[in-house]
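Visitor: Next come the chains, spelled out residue by residue.
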Amino acid sequence: MSSELSKNLVSFRLSSTSGVPAYLQLVQQVEQALRMGALGPGDRLPTVKEVVAEIALNPNTVLKAYRELEVRGLVEGKQGVGTFVLARPSGPPPGTQERLSRSLQAWVRKARHEGLDDPAIEALVRSALTRAGSSAEGAA
Amino acid sequence: MSRAAQPETAPAVEAVGLGKHYGHSWGLQDCSVQVPKGAISALLGPNGSGKTTLLRMVAGFATASAGSVRVLGRAPAQSEEFLASVGYLAQEMPLYRRLNVAEHLELGRRLNRRWDDGAARGRLTALRVPFDRPVATLSGGQRAQVALALAVAKTPDVLLLDEPVAALDPLARAEFLASLAAAAAGTGLTVLLSSHLLRDVEQVCDHVVLLASSRVQLCATTEALVSCHKVLLGPRRGPSGCERSFDVVRATHTERQSRLLVRSPGPALGPSWEVFEADLEEIVLAYMGQGRDGGAIAAGPLSLLSTTGGAR
Amino acid sequence: MNYLTWRLHRNQVVFAAAALVALAALLLVTGTRMAHDYSAALSTCAATRSCGDLSDELFQGDGLVLDFVTAVSIGGPLLLGIFWGAPLIAKEIDEGTHRLVWAQSITRRRWMAAKVGWVLAAAVAWGASMTALVTWWHSPENALYGRLGSGHFDIQGVVPIAYGLFAVALGIVIGTWTGRVMAAAAGVLGGFAAVRALVLLYVRPHYLAPLTARLSLGRAALPGNPWVLSKTLVNAAGHPETVTSTFGYVPAVCHSAVFKGPSALSSCLQAQGYRWLVSYQPASRFWEFQAIEGAIFVILAAALVLLALWRIERADA
Chain U
1 MSSELSKNLV
11 SFRLSSTSGV
21 PAYLQLVQQV
31 EQALRMGALG
41 PGDRLPTVKE
51 VVAEIALNPN
61 TVLKAYRELE
71 VRGLVEGKQG
81 VGTFVLARPS
91 GPPPGTQERL
101 SRSLQAWVRK
111 ARHEGLDDPA
121 IEALVRSALT
131 RAGSSAEGAA
Chain E
1 MSRAAQPETA
11 PAVEAVGLGK
21 HYGHSWGLQD
31 CSVQVPKGAI
41 SALLGPNGSG
51 KTTLLRMVAG
61 FATASAGSVR
71 VLGRAPAQSE
81 EFLASVGYLA
91 QEMPLYRRLN
101 VAEHLELGRR
111 LNRRWDDGAA
121 RGRLTALRVP
131 FDRPVATLSG
141 GQRAQVALAL
151 AVAKTPDVLL
161 LDEPVAALDP
171 LARAEFLASL
181 AAAAAGTGLT
191 VLLSSHLLRD
201 VEQVCDHVVL
211 LASSRVQLCA
221 TTEALVSCHK
231 VLLGPRRGPS
241 GCERSFDVVR
251 ATHTERQSRL
261 LVRSPGPALG
271 PSWEVFEADL
281 EEIVLAYMGQ
291 GRDGGAIAAG
301 PLSLLSTTGG
311 AR
Chain R
1 MNYLTWRLHR
11 NQVVFAAAAL
21 VALAALLLVT
31 GTRMAHDYSA
41 ALSTCAATRS
51 CGDLSDELFQ
61 GDGLVLDFVT
71 AVSIGGPLLL
81 GIFWGAPLIA
91 KEIDEGTHRL
101 VWAQSITRRR
111 WMAAKVGWVL
121 AAAVAWGASM
131 TALVTWWHSP
141 ENALYGRLGS
151 GHFDIQGVVP
161 IAYGLFAVAL
171 GIVIGTWTGR
181 VMAAAAGVLG
191 GFAAVRALVL
201 LYVRPHYLAP
211 LTARLSLGRA
221 ALPGNPWVLS
231 KTLVNAAGHP
241 ETVTSTFGYV
251 PAVCHSAVFK
261 GPSALSSCLQ
271 AQGYRWLVSY
281 QPASRFWEFQ
291 AIEGAIFVIL
301 AAALVLLALW
311 RIERADA
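Protein sequence lines, in the order shown, are assigned to chains U, E and R. Each residue of the first sequence is one higher than the last, beginning at 1 in this note's numbering. Each residue of the second sequence is one higher than the last, beginning at 1 in this note's numbering. Each residue of the third sequence is one higher than the last, beginning at 1 in this note's numbering.
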């Protein structure tokens, strides 16, 4: 099965325990691929059939995710051809992610050094996100 | 392209007061249900709730003792037209043990006027199912894939599957549901699959029919279900309080707190109540319990079919 | 459906064909020799005018082959019922594969028509080949003993084909009802034997009104090897004598003859007007009897097939 799907540029996976609706997980994964450069403008997203044949998902969920991506202006559905990437998501330029990731890794190392275990770190991050308010929400 | 059920289109499967008795006991009683066209619906219910009986009657494999059922407007009959429009996969996934996969595809091709050989071969090839070995030597997951490929290659309008994943290991289950979802994608195929565990089929279904005590307790899209149910957490009170202002599906009480699963709560809630999103599984379990208790709780069976257009 | 029927049952067909070939070889070899012996014996006895005793002399060494062929001919239809009829539907129900076929776009009636049609056609073909061989093979025996008696009538002509159809249909209908191959096979074994015995003992003698003849008490016999149904001693007035004790019916004049031996007694009784009253079916009625009995079993088979079809069309699966 993996070889059959390797021709696709992105490969989705779903977590049933995250609490995030399945369509939103797909949206986030496409955005992530765009940010990391795995997908670029002009690339074709896998068809609904290809997606559900890989991860056992209701076809409507995939359609909903693709529609959401269209609404966000990231992709464009062309009748009978497929869904194509239009643009990278707005936000900081490429490289920002990586830079922030490096400093976060340093912070995690520090937290572990201070004696926090991973669940404690996760709780800390989550509460920080909550306390920072809802301004970050939606700004993907 | 949209597979969403539209309120104005006729349902793919419609049962009215459908019942079946075996000897003196009812296998299914007074079952009225509508399965929307083009959706993948989960038929849920505990063991013995009549899921198999319902599917068999819809498929024309068993005759109804009471009521009626229509599939795409047609009553089940021994006619080529009806048989061609309905696919049915029995729970034990019957196959000829000594025949190989190629021979099964051949018999399917010869016994059906509509037959999509390419799709069946493509999917089974992709899954590396050997075509030249007797199916008795294949794994349970491979046999299930063969049985599904046969049912799908027939290109029915309505596909009925009886507990298709109950006997499969998690990997085979995921692969089976992936094949099913791929078969339904973009084809307008209506799927009704039964399961006693929502968890098994939750991802691929966009509609839920819940049978309990051989009656329909719930019939709605998963989205509508989640959006119109909430969990309320608040101080323990007497039965007066807010329980009256909306339908309580299930109430659990501790010494100080009440946890209520409610339907469509209005905005007028006291500040002492916290509102949470309800999990689909929690909703289904609540209605399943309701059926077992003989409907002791205020909320009656729920049908949200007419709201599906709005939910999309 | 023809493809599926052939694919599912080709092993049974091959096995039955192999058995038929083996039997044909045996029958051809022994049959040719027996026919040769018989014609040789006929020309010999014609010279010595002793042809009446041929039946005591010919084929004495062939008892084993004769018994074997008779057993196979009588048992053949039974085997068809057990190995072809019983599993035809029962195996599908037993293994649940009827649910696979019934989920295809083929009506149950067409499914039954194809399966039952082919197995009955195969049974006819097998039975016809077998009975043609045995009828030819048995011709010297027929000349010696006639062919209306049981054991002769039942293995030649057309009735073996009808028996085969009946046995297969019986297996089909029991298999349809029980859904169990073993139950259907056991049902064929019991049911087929019972019906055959009932017909042989209580029905066949009455197909046509039997003829009667009065024979003298000596060794006189009816010509042409008829099927003798009964043989009763009647007195001069034509009333049957019931033999209650040794002397019960013997008239006083013949009492002394009792002690002189059986032949003295019978000539005394003969002189007093006693005769054998024989009730019999003449050998010339062979084909009429074949037609009647064949029709009975074919009609039974047809009724059973319709019953199975009725059941299949209404069964919940």
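Note that these hints are calculated values from the structure, not bench results. Misleading hints may appear alongside valid ones.
Stated by the list, open to error - Residues from chain E shown here face chain U by an in silico Cβ test under 7 Å; the list is partial:
#	residue
1	Leu105
2	Gly122
3	Leu177
Claimed, not checked - Think about it this way: if two alpha-carbon atoms lie no more than 20 Å apart in a straight line, the pair counts; the simulated DMTMM-like pairs of lysine to aspartate or glutamate are:
#	chain 1	residue 1	chain 2	residue 2
4	U	Lys78	U	Glu98
5	E	Lys37	E	Asp117
6	U	Lys49	E	Glu92
7	R	Lys91	E	Glu103
8	R	Lys91	E	Glu92
9	U	Lys49	E	Glu103
10	U	Lys49	E	Asp117
All figures in this text were calculated on a predicted structure; none of them were measured in a lab. Note that CB positions come from ideal geometry on N, CA and C, so glycine has one too.
Visitor: Hints first: check each against the structure and report whether it holds.
Guide: To see whether the hints hold, each was checked on the structure:
1. Contact between Leu105 (chain E) and chain U, as hinted, is not supported at the beta carbon level, the nearest pair being about 19 Å apart and thus beyond 7 Å.
2. Taken as an interface hint, Gly122 (chain E) does not check out: its beta carbon lies about 9 Å from the nearest beta carbon of chain U, beyond 7 Å.
3. Evaluation of the Leu177 (chain E) hint against chain U yields a held restraint, the C-beta minimum of about 4 Å falling below 7 Å.
4. A hinted pair counts as satisfied when its Cα atoms are at most 20 Å apart, and Lys78 (chain U) with Glu98 (chain U) does not qualify at roughly 33 Å.
5. With a C-alpha separation of about 24 Å, the suggested pair Lys37 (chain E) and Asp117 (chain E) falls outside the 20 Å cut-off, and the hint is violated.
6. Under the criterion of a C-alpha separation no larger than 20 Å, the hint pairing Lys49 (chain U) with Glu92 (chain E) is inconsistent with the structure, at around 27 Å.
7. Between Lys91 (chain R) and Glu103 (chain E), the direct Cα distance comes to roughly 19 Å. Compliance with the 20 Å bound is thereby established for this hinted pair.
8. For the suggested pair Lys91 (chain R) and Glu92 (chain E), the alpha carbons sit about 16 Å apart, so the restraint of at most 20 Å is met.
9. The suggested pairing of Lys49 (chain U) with Glu103 (chain E) is violated, with an alpha-carbon distance near 27 Å, which exceeds 20 Å.
10. The suggested pairing of Lys49 (chain U) with Asp117 (chain E) holds, with an alpha-carbon distance near 18 Å, which does not exceed 20 Å.
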